[in-house]
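There are 2 protein chains.
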Amino acid sequence: MNSLKISHEKGVIMNLQTPRGTRDFMPGEMEARKGVFATVERVYERCGFRPLETPAFEEMEVLTAKCGEDVVKQIYRIGDSSYGLRFDLTVPMARVVASNSSLPKPFKRYQIGPVWRRDEPQKGRFREFWQADVDIVGSGEMAADAEVLAAACDALSELGFSGFEVRVNNRKLLDAVVEKAGVEKTKAGAVFRALDKIEKIGEEAVREELKAKARVGEKEIAKLMEVTKISGSSQKKLSEAAGMVSGNARGEEGLKELTELIYLFGKYEVAKKCSTVVDFALVRGLDYYTGPIFEVKIPEGGVGSVAGGGRYDELIQLYGAPPTPATGISLGIERIIEVMRARKADDGKRRLVFVAAVKPEFREYAMKVVEEFRKAGVPAETDLMGRNLRKQMEYANSIGAGFAAVVGEKEQKAATVTLRDLASGKEETVAVSDAAAKLKG
Amino acid sequence: MNSLKISHEKGVIMNLQTPRGTRDFMPGEMEARKGVFATVERVYERCGFRPLETPAFEEMEVLTAKCGEDVVKQIYRIGDSSYGLRFDLTVPMARVVASNSSLPKPFKRYQIGPVWRRDEPQKGRFREFWQADVDIVGSGEMAADAEVLAAACDALSELGFSGFEVRVNNRKLLDAVVEKAGVEKTKAGAVFRALDKIEKIGEEAVREELKAKARVGEKEIAKLMEVTKISGSSQKKLSEAAGMVSGNARGEEGLKELTELIYLFGKYEVAKKCSTVVDFALVRGLDYYTGPIFEVKIPEGGVGSVAGGGRYDELIQLYGAPPTPATGISLGIERIIEVMRARKADDGKRRLVFVAAVKPEFREYAMKVVEEFRKAGVPAETDLMGRNLRKQMEYANSIGAGFAAVVGEKEQKAATVTLRDLASGKEETVAVSDAAAKLKG
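First to last, the sequence lines map onto chains A and B.
So in our numbering, spot 258 of the first sequence is number 267, and the numbers just go up one at a time.
So in our numbering, spot 158 of the second sequence is number 167, and the numbers just go up one at a time.
Isolated chain A, as found in the complex (with noise of 0.2 Å):
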């Protein structure tokens, strides 16, 4: 976001400025992010999933057949048609079930891309903003809801973090919870948006919104209240929670899917790195969850869930399919670059060499040299201005080129460079296929 005006040659002012929310990413932090994106991928890959893509806009009537009238009033509509730039990925993909009825099932999909909303912008929130999705459309299973949750604490234990927390609850014992403190059922979709604002503003506000919001009573709260008060290690909770919902066929059913998604996720290695915790205050905002729902927590930055998902069951038949199970998870992977880049120790330096000539008559040299770096896959550049030395090595310093390969008379004649490491200033002169075999390792 430029804040940049400039005066037109017709002597128009032109707002050089990205659109509000939305940025440019220059190069250093593409890379990066094209890193991140990378290794989701691949661990995505690795774990039987496959991508699709879908157009940025869709028929407005699709967009909006899911999403509640806030989300609605964040659209871009495209001028004056019917379409709009899609706001998440996850209607897309349901309407891409919806559509394609010979699609095998289960149908293991991942999508990273841009999505838009028209929310006001704010510090890490942004208009044009990246999700990452994996979902598993087709499978009732609770192996299906662990193999989500695997793969995104796989691709997060891949990008480097550690010791993270996994909560687990369930939509049909909260169901429960919430018949069984009396509260009627129109009211539930109420309930769990203000339960959900538990832990960023505190049981106090919590009560207050359930009072005026969902005008549910003093005594039906308090109720509410004490589900997300039990305590104790998630055997102890899962054994009060069988209590509190006993007799209840749709609580217990929920119980028995936590347990087993537990149980299933505790196969994988994956889980030995988390700690994974029953967390009945855990609601998850959005209305469509009908089972298990999960998120994952990492302890650096503060930034706390960094993935999150459940299970919807009857959101794809809004699109005019059969009831068609589905399950997945978001990585917040906005987020996960913000913590990553805070993390990295990056002393700015690229994989590349920049192979200079001490004069421009070594500069055929220097090409050559270059394509010898190229073909063993070392990303090599040389001078494109007929600049002199000094010029060369400032605008090789200038883009961060971890090492610099200077070609004179006695290099050509020899074959050989002279390697000097831009971060430590030391230099050797070798051989070219060897300083390329060095710079690929």
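Keep in mind that the hints were calculated from the coordinates and are not lab data.
It is possible that part of the hints are untrue.
Since the list gives no way to pick one copy over another, a pair counts as held whenever it fits inside one copy or between any two copies.
Derived EDC-like pairs (lysine to aspartate or glutamate); straight-line CA-CA distance at most 16 Å [stated by the list, open to error]: (1) K282 x E380; (2) K449 x E381; (3) K189 x E261; (4) K384 x D443; (5) K377 x E278; (6) K435 x E309.
With chain A fixed as given, assemble chain B onto it according to the hints.
Showing chain B alone in chain A's frame:
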């Protein structure tokens, strides 16, 4: 562009088509596209180019500063805002350069991403399509033109193409030809746009257009046509052209640039895979080219040009920057993907192993085996539906798995799998680690 319309639960018919001229990329297709993008990026990176990413939409005044009326009409506006979806990747790059005056020069960047044009969709032409641009900003040297041209050819070569024809020309030379033919300078743009079509619509139609649209007289047309007919070797063409433009400073400069570009490009190894020809009929329609222009053709599929570009030294200053030389080339990535798809003899098998449990009690062992494969980097998955063996094998085939690893009592006891090649049907029972090593290789 699925044509399904579905009946909404509320009785409304929902349109599940993607918007006109846009596409879903299903997993198989998306994997192929991602492979192409990754190859191009790898080549560009080893040539020292760096990624840039910019927002999907820009201020309309930024978008329209460069483009002609035809393109303005094709811009998708965002609601009633001052924004529009980008229609190419050059405009955003020019804005970034103009608003970041401290960028080290030359600035070597690549960008691959979608652009949007409300054009009339037709075979192979879409309203949302991907561009792959590579540009060097800040160098006026022919070495920069040779570098972008070589990078593009290198990318095509890595994609498996060969025997391509590189056609080069120079706008300064064409300017001189137009001037020498006695055509007013103001008509040059219209003349170039007409000449650009010579291969597509033939000489007669071009003569008609020059007469009707560019309002050029018969005598001048005859002169203009002369240069397009110069034939023979590039060497012979260059010397004939020298005669035509002699005494015209701009023409002589263009000729010198053309000669130098051919020389410098010839120093790259990839030039050996190309036949580089001077083509005075090569014009390239865009008004903003100022020097060398080039195009790359492949012999396959009758698709013609798969890359094209040139030097545009006057574009970036439109955005308020000081005069900034620049050159670049754009890969026709959609066309390339099309040709590659037609070329590939694909058996539809993926590098994926499906681990099938013969009975439910071996599902946990199957899961362990899956983890072994994944750890080795081999994409693997197992049943998430509680299916019997036959159904599991059907699923494995339906998703194009290359191998199935069947596990039962015998395998569990011996820590082995029975590995079946799903293309050939061949089976062998091997240790899990051996199976992983085999599929990894």
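Status of each hint after checking the structure:
Proximity of K282 to E380 under the C-alpha cut-off of 16 Å is restricted to the inter-copy arrangement: shortest distance 15 Å between copies versus 44 Å within a copy. In this assembly of identical chains, K449 and E381 lie within 16 Å of each other by CA distance solely inside one copy; the values are 11 Å within and 29 Å between copies. In this homomeric assembly, K189 and E261 come within 16 Å of each other (Cα to Cα) only inside a single copy, at 12 Å, whereas the closest approach across copies is 90 Å. Taking the shortest Cα distances, K384 and D443 sit within 16 Å of each other inside one copy (13 Å), while across copies they are farther apart (32 Å).
Taking CA atoms no more than 16 Å apart as the test, K377 paired with E278 passes between copies only; the shortest distance there is 9 Å, against 48 Å inside one copy. For the identical chains of this complex, K435 and E309 are neighbours neither inside a copy (36 Å) nor across copies (49 Å), given an alpha-carbon limit of 16 Å.
Going down the numbered hints, you'll see the structure goes against just number 6.
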